[in-house]
Amino acid sequence: MLENTYLIPFYPLLAFVAILFFTRWKERLSSYISIGMVLIALVHSLFVLAAMLSRHGLPMEKAIPFITHPSLHLELGMYIDPLTAVMLMIVTIVSSCVQIYSIGYMHGDPRYSRYFSYLSLFTFSMLGLVIANNFFMLFIFWELVGLTSYLLIGFWFEKKSAADAGKKAFITTRIGDLGFIIGILILAAYAGTLNYQQVFEKVASGVLAPGIITLAGIFIFCGAVGKSAQFPLHVWLPDAMEGPTPVSALIHAATMVAAGVYLVARAMSLFVGSAEASTAIAVIGVITSLMAATIALVQNDIKRILAYSTVSQLGYMIMALGLYGADTALGHHSPGFVAGTFHLMTHAFFKALLFLGAGSVIHAVHTNDIQDMGGLSKKMKITATTFFIASLSIAGIFPLSGFWSKDEIVATTAGHPVFMFLALTIAFMTAFYMFRLCFLAFTGKPRVQEKYDHAHESPNTMTWPLMFLAFLSIGAGWVGLPWLSHGFSSFVYHEQIHHSEPSYILMLASTVVALSGIGLAYMIYYKQRFSADALAEKFKPLHTLLYNKYYIDEFYNIVIIQPLLKFTDFLWWFDAHIIDGLVNFVGWLIIKWADIKQWFDQYIVDGAVNGMGYACMAGARLFRYLQNGSLQFYTLIVIGSAVGLIIYRVTSRGFIYYLLGASIMVLIRSIIRTSGMEKASTETNVQD
Amino acid sequence: MLQYLALAAILFAIGIFGVLTRRNAVGILMSLELMFNAANINLVAFNKYIGAAGLTGQIFAIFVVVIAAAEAVVGLAIVLLLYRNWQGIDVDQMNIMKW
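Those protein sequence lines, which keep their order, are chains A and B.
Residues in the first sequence are numbered consecutively from 0, following numbering that gives the first Met the number 0.
Residues in the second sequence are numbered consecutively from 0, following numbering that gives the first Met the number 0.
These aren't lab readings, by the way, just hints derived from the structure by calculation.
Any given hint could turn out to be false.
25 angstroms max Cα-Cα, derived SDA-like pairs, lysine to any residue [stated by the list, open to error]: (1) B:K97 x A:G612; (2) B:K97 x A:C615; (3) B:K97 x A:L625; (4) B:K97 x A:L635; (5) B:K97 x A:T634; (6) B:K97 x A:L630; (7) B:K97 x A:I636; (8) B:K97 x A:W482; (9) A:K377 x A:T366; (10) A:K444 x A:T460; (11) B:K97 x A:Y613; (12) B:K97 x A:M616; (13) A:K377 x A:Y451; (14) A:K565 x A:I578; (15) B:K97 x A:I663.
Okay, chain A solo, but in the shape it has when bound:
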């Protein structure tokens, strides 16, 4: 089974092709094909995971050459190690849940089959991305997931906001991808290979200069910044919530956005070669995390809160990985790698659950605004319960899965007081905004009665995935219990196993932080001990700033988009007036020139040709009188010529004399003629 891992991406691809070409008109069948294929992929992934476990995480690589060139050898291949196996599990599990959920959620959509074909294509791309054994192949699938993300965000393209969000996501991530490919090209140029292991060997052996490693690392991280929505390219992810909610759960919470984290983890051997690049990663991560968490505190759109939460959590993971890279580069031990990947896994499950729960709520009340909800737990028991479980998990409450992974991340920051303080602050805010959401949406009195009356529990196809994911949100973290000697940390690790001692102080601290966050939310939004509005009024500038997401969109709009539009306007104007003017002027000139030429042709050239003709005709008209038919006149000419030639021979000036002689003879003849010697001649000149 391990040998055939490369088949895993092809199952969903098969579904994609089948749906696209054959079963598009049979909606039920399309969805069953899609789900069936992803379930096969899930089973296969399970076997791969089992095989990986049984060989104690020994990596397996298999490749075929793709482009062979003396300076660069590219291959298509797979590289299976524990990280890959875990990612395969995450992608296939979440994908299966989301696809099953989508049967209910997308019911009645006019493009139902197409939706499932896109989901299959996405799953294919994501699985391909995960098993790739080189940066080149990674980049191909990286772009494919970007494409499917675009297609799915803009799935309801009739809505302008959805179409715009799709474009925004695509273009924003493209900026990061530009950096990514520059990084890849740097590696190709200096390392001469793109194969992970070969590149990492060159990094470890010191073949690559530290500056090059830093440069390549930072550029490659650009890709992660775009895809994982890190500051300053995070702006697309909240807008991406215009897509169908299951898509948000699958792509924009659990898998694709985690690809950036996966990239950093996968290229960790590169980053540990450069403390600078790693530090930059950690700083970007913590900035993103803090910023997104603060924004999430005040948003009212349920999906946007979750989106900012996702950005925040991704920043958390990136921070952990960056700190690991920096610490390892400086020779310290750090649990960051395990923490980041562990949190990647647990987060995928509970965030997918949160999104699917949110989708269930939206499905029921047809609004995204949590201020219009309230009291829904009475009507949607399963959704509310699972949502609470996921919220507890993300807040980091013992013993749910989020607790263990978050704890690891906090432990990673142990040597960095600033990071530690910020990490705990973020944990506090996470607990607060999640429970603000929970309390506002599910408890208290219905604020909009009409919507509350309409609400109902979702169908089974939607609640089963919720329950399954809730189970994972509770239990997935237990594979990484710090007391386990063969837990997650001894399976997924970078270079050497890091056995962290369970730190009870940290656990206590993070629990206290999480509980106080929940408590504050409880006070404000459940007990309403303090008025949220009064608080917002009191910190109005801060609230406004956060509510408007630090005005980053506006900032981009003013600094980049508007000048760009102005510039394009200018270019349009330039094109319309200067370029077109020039072209038209040249055209006008040519027409004028053609007019001149036509005149010239008509009067000068034709004139010359016709003139020649006229001259010939005039000459002929003149000379034809020589051909007067009179025998004696011809004789006269002959004799005159003879006389002229003789005279010429004698005097050398004969031509004039010849003419003279000839004229004299003509004269003589005329005299003879007119002297009345002929009378009948007039009547014979009939043709005159």
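Add chain B to chain A, keeping to what the hints say.
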């Protein structure tokens, strides 16, 4: 010698004048005969006074007389045909080759 040449020149000039001015085709042929004979006189005279070997000039003159007789036959035949077609032998009327 000079007298012969003068006579020949006078005959030739009379012949030319006749050719150029006569409107009667027979007259023109007669004038041609005059010109031939002017040439014959010249041939004989040159033979006698230049001192050419033998009787080349005289023989040439006799040839010319013979050829002239043949030419006169052809010419008169043409004149006869002209007369049949035109009912006249006035050369001024024979101008259908005019422009």
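### Query
CA of K97 of chain B to CA of Y613 of chain A, is that 25 angstroms or under?
22 angstroms, holds
### Query
Does the alpha-carbon distance linking K97 of chain B and L625 of chain A stay inside the 25 angstroms limit?
9 angstroms, holds
### Query
Between K97 of chain B and I663 of chain A, is the straight-line Cα distance small enough, at 25 angstroms or below?
Holds - the C-alpha atoms of I663 of chain A and K97 of chain B are around 23 angstroms apart, at most 25 angstroms.
### Task
Would you mind confirming whether the straight-line C-alpha gap from K97 of chain B to C615 of chain A stays at or under 25 angstroms?
Roughly 19 angstroms between the alpha carbons, so the hint for K97 of chain B and C615 of chain A holds.
### Pair hint outcome, K97 of chain B versus L635 of chain A [Cα-Cα no greater than 25 angstroms]
16 angstroms, holds
### Query
Are the Cα positions of K377 of chain A and Y451 of chain A separated by 25 angstroms at most?
With Cα atoms ~10 angstroms apart, K377 of chain A and Y451 of chain A stay inside 25 angstroms; holds.
### Satisfaction of hint between G612 of chain A and K97 of chain B, Cα-Cα up to 25 angstroms
23 angstroms, holds
### Message
For a C-alpha distance cap of 25 angstroms, please report whether K377 of chain A and T366 of chain A respect it.
### Response
It holds: about 18 angstroms lies between the C-alpha atoms, which stays within 25 angstroms.
### Message
So if I understand the rule, the pair passes when the alpha-carbon distance is 25 angstroms or less; does K97 of chain B with L630 of chain A pass?
### Response
Holds, at roughly 10 angstroms.
### Query
Do the alpha carbons of K444 of chain A and T460 of chain A lie within 25 angstroms of each other, as the hint requires?
28 angstroms, violated
### Query
Keeping to a limit of 25 angstroms between CA atoms, is the pair of K565 of chain A and I578 of chain A held or broken?
18 angstroms, holds
### Query
Are K97 of chain B and I636 of chain A close enough, with their CA atoms no more than 25 angstroms apart?
16 angstroms, holds
In summary, the structure is inconsistent with hints 8, 10 from the numbered list given earlier, while agreeing with the others.
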